[in-house]
Amino acid sequence: MRNYGCYIYHLENNKLVQNSNNACWAGLNKSKYFNTDIYIDKYIEPEITDKQRKRIVYLINKITPCKFTTIKKVKYIQYKLLKNHYSNLLLLNFIRILWYLNKSFNNEQFFIDICKPKPRNLDYLEFMMTCIKNNVNTGPGWYYGDHSFVYLNIIPKTKEMLYKHTGNSMETFLKCKIENVK
1 MRNYGCYIYH
11 LENNKLVQNS
21 NNACWAGLNK
31 SKYFNTDIYI
41 DKYIEPEITD
51 KQRKRIVYLI
61 NKITPCKFTT
71 IKKVKYIQYK
81 LLKNHYSNLL
91 LLNFIRILWY
101 LNKSFNNEQF
111 FIDICKPKPR
121 NLDYLEFMMT
131 CIKNNVNTGP
141 GWYYGDHSFV
151 YLNIIPKTKE
161 MLYKHTGNSM
171 ETFLKCKIEN
181 VK
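Per this note's numbering, numbering through the sequence shown is continuous, rising by one, with the last residue being 182.
Check each hint, because a few of them may be wrong.
Here are the simulated DSS-like pairs of lysine-lysine, each with C-alpha atoms no more than 25 Å apart in a straight line [stated by the list, open to error]:
no.: 1; residue 1: 118; residue 2: 164
no.: 2; residue 1: 15; residue 2: 83
no.: 3; residue 1: 83; residue 2: 103
no.: 4; residue 1: 54; residue 2: 32
no.: 5; residue 1: 80; residue 2: 15
no.: 6; residue 1: 157; residue 2: 103
no.: 7; residue 1: 103; residue 2: 54
no.: 8; residue 1: 67; residue 2: 80
no.: 9; residue 1: 67; residue 2: 42
no.: 10; residue 1: 177; residue 2: 32
no.: 11; residue 1: 67; residue 2: 116
no.: 12; residue 1: 116; residue 2: 159
no.: 13; residue 1: 54; residue 2: 157
no.: 14; residue 1: 133; residue 2: 51
no.: 15; residue 1: 32; residue 2: 83
It should be emphasised that the hints constitute simulated quantities derived from the structure, not laboratory data.
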């Protein structure tokens, strides 16, 4: 699997224009991109199956529009950005694990769990976050930063809470109590 770099494009004047910064999801925190579509390329890695890719896109689509689309014979993941940078980071990190081996959690078990049926008592985001929570590595030396969605003691949230989130920290959102989501 390759590094964490992201190949992102925006549609400008009916042409795809690549984001000049492909480090992680950098550059998407500009408000001019919020509520617009981005197109993600180079997401196919042999370690991840079509079933797993389709499942991730399907689940994210239940929260914000997300689908596979083909433009000029290239297949992209089309994702509609939300209004908050950290809300986007949470969802986009689910896409990034299609090519990036995150050593902060058990990737193999995560993909087994995420492909299971969603329990009726959880909404789609709660289900996805529960799959992360259940597979976080707790050993020494693992790293997480504010652009990660892997933290110890995360509390799964609903998509409505994600829509309400106006904060400027991923960790704060992931670890705050449900009643504190504003």
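Hint numbers contradicted by this structure: 3, 4 and 10
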